[in-house]
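A.B. asks: Sequence:
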Amino acid sequence: MTYKHDGTETTAQMHDEQHNGYSFTKRRRLHPAAIIFRFTLALKETVFGLGIGFIVTMKESFIAFLLFGGAFILFLIGYSMLSWWRFTYYVYEDELRIEQGVFIRKKRFISFHRIHKIDMTANLIHRLFKLTNMQIDTASSSGGAEVALSAVKVTDATALRNVIQKGKSSTDSKEKSSTENKEEGTILSTKKVTWKNLFIAGSTSGSIGFMILAVLAFGPQLEQVIPTSALNKTFQFVVTLSIIFLVVAICLLLVGLWVLGIAGTMIKYGNFTIEKREKELFIKRGLIETKELTIPFDRIQAIGLEQSLIRQPLGYVKIYAVVAGGSFDRTEAFPVLFPLIHKKEVTQFLQTFMEDHVIELQQDAIRLPNRSRKYFIVKQLIFPMIIFSGLLYFFPSFAWIPALLAVLLGWYGYMGYKDVRVQTEGKSLTFQIRRLFDRVTVMTYKRRIQSLKLTAHPLQKKDGLMSAHLSLIGSSGLGTHYTVSHMEIEDAMELAEWFSYQQSVVSEERQIEGDMLCEE
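Residues in the sequence shown are numbered from 1 upward in steps of one, following UniProt numbering.
The hints are simulated quantities; they were obtained by calculation from the structure and are not laboratory data. All C-beta atoms, glycine included, are put in the ideal place defined by N, C-alpha and C. Certain hints may be false.
Here are the simulated lysine-lysine pairs, DSSO-like style, with alpha carbons at most 27 Å apart [stated by the list, open to error]:
(1) Lys427 to Lys343
(2) Lys284 to Lys318
(3) Lys418 to Lys453
(4) Lys106 to Lys153
(5) Lys26 to Lys168
(6) Lys374 to Lys462
(7) Lys168 to Lys107
(8) Lys318 to Lys418
(9) Lys291 to Lys196
FRET-style restraints, in silico, Cβ to Cβ [to be verified]:
(10) Leu381 to Gly78: 56 to 64 Å
(11) Lys130 to Gln363: 48 to 56 Å
(12) Leu128 to Thr88: 22 to 30 Å
The task is simple: from the sequences and hints, build the whole structure.
C.D. replies: Written as C-alpha cells, this is what we have:
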C-alpha cells in the first residue's frame, strides 16, 4: 500500500478498498460490446455521405458494389476494434483519466469536483450483457456529455459512481462528509407514473400527426427505390377499389398509427420513476432502453408545464425542467420530470419535489388588452391565405377549404391571445404563452433570467403595445428563449422595472463590496 507525502492514503486507493475489490487505479478497457456501438456510430456517421457513391456503384456494377461495400465494412470493423483497444480509463487521486484515439492520442483529466451529474442508459444490447452506458457531465458540458463510457458492467459503473461521489466530498471535514454522504443517498420522496396515465399520454401525444407528416415527406422518395412499374400497378389497383373500402383502409391506417404512438410512449416512459434526494432529482425510465438521469437542484433554471391541444380539455399536463449545462435526452428539448399528470395534482407534485417552483397563476395575473387580439389572429391567417388565394384562382370549386382553414386558424390565433398571462410575485416570475400547438406555463426566478428585452414595431407603438423577450441558460449552451408578445406598454415597463431592480441592487452590492476592499 502506498501513501502520499503527508502520510494519508490516496483517495482512489481508499475508495477502491471500500468497494470489495473494484480497483480503478489500474487502466481499464470497456466491455468488448463497445466495438458494436462504435461500429454502429461510425456507420451512421459515414453512410449518409457515402450513400450516393454506393448508389452510383450499384447501378454501374453489382460486383463493384459488393467489393466496395465489403471493403468499407471491413475498414469500419477494424477501426472500431482499434478504437476500443486504445480507449482506457482509470482513477488517479481525485481525477478520472481517459486516454483514447486511434491515430491521435488524446488524454483527458477530469477532477471529481467538476463532475455535477452521472447518467446511465441501457439499450437491448446493454441489457443482454448486463452493461450500461455511463455519461459523465461537468459544469462546462454543453450539447453532449463530457465523457461517455459506452459499455461498462453495471456493477463497475455503480462502484465508479460511488468512488466519484465520495471523492467529491473528501475535501470536507470528516464529520461534515459523513453527514452529507448519509443525506445524499437518502430518498426523500418518490413517485411512479401509472400505466393508465401512460396510455392517456400516448393517446394524446399528437405523435400520429408527426407520423403522417413523415409519410408525406418520405413517400415521394420511394420512387427512387421501388420500380416505376410496381408503383403504376399499385396505383391502378387502388383506383379500382370502392370508396367505402378506401375509407375503411384509411381509418385502419390512422388507428394503426395511433396504436404505434401509444406503444412508443409506453416504451419510452415505461416504469417512469422520479426520486427526490438531498441535492438532486433522480429519474429512471424506459422498457427497452432504460435511462437514469440525475438533475442537480442548483442547475434548474425554470419549471414548465406543457399542454397540447388534445390534453387541454382533459386537464392533463407534462412537467419539464429547464436545466443549465449537461446533456440529456436528444429527442427532447428539456428533461421531463413527469410525462403526464392532472392539473389538480401539479401543485402537490411541485411542493413535494420542487418546493421552490410552485406554479400558481392568480386571477389578477396580467392579461393582454383587447387591441392585441388582432395581431394573433392576423399572424395565423396572413401567409396561409396568400398561398390559398393563388390556388383558389385555379380551383374555384374548392373554395370551402380555405374558408374552413381561415376559421380554424382564426380560432387558433384567438386561443393564443387568451392564453397569455404574466405574474410577478416577489422574486419569482410566472408566465403562460402558446408555442406552436402547445400551451406552455413557465415559472422561474429573476436571478435565473439572463436578459430581458422589450421591443415594439411601428404598429405596436401606434397601439401602445410591446413584446418582452426573456432568455434563460439552456442545456445546449445556446440558451432558452421565450417571448410574451403584444403586452400593454405599462405592463411591459413594469416587468422591465421588476427585472432591472434586481440588477441595480446587485450592482450596488458589488460597489459596496469593492469600496470595502479598497478601504482594507
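A.B. asks: Compare the structure with each hint and give your call.
C.D. replies: Against the structure, the hints:
1. Lys427 to Lys343: With Cα atoms ~24 Å apart, lysine 427 and lysine 343 stay inside 27 Å; holds.
2. Lys284 to Lys318: holds, 16 Å
3. Lys418 to Lys453: Roughly 23 Å between the alpha carbons, so the hint for lysine 418 and lysine 453 holds.
4. Lys106 to Lys153: Since the Cα atoms of lysine 106 and lysine 153 sit roughly 24 Å apart, the hinted pair holds (cutoff 27 Å).
5. Lys26 to Lys168: holds, 20 Å
6. Lys374 to Lys462: holds, 14 Å
7. Lys168 to Lys107: holds, 21 Å
8. Lys318 to Lys418: Holds, at about 20 Å.
9. Lys291 to Lys196: holds, 21 Å
10. Leu381 to Gly78: 56 to 64 Å: holds, 59 Å
11. Lys130 to Gln363: 48 to 56 Å: holds, 55 Å
12. Leu128 to Thr88: 22 to 30 Å: holds, 24 Å
Comparing the model with each earlier hint shows no violations; every hint is respected.
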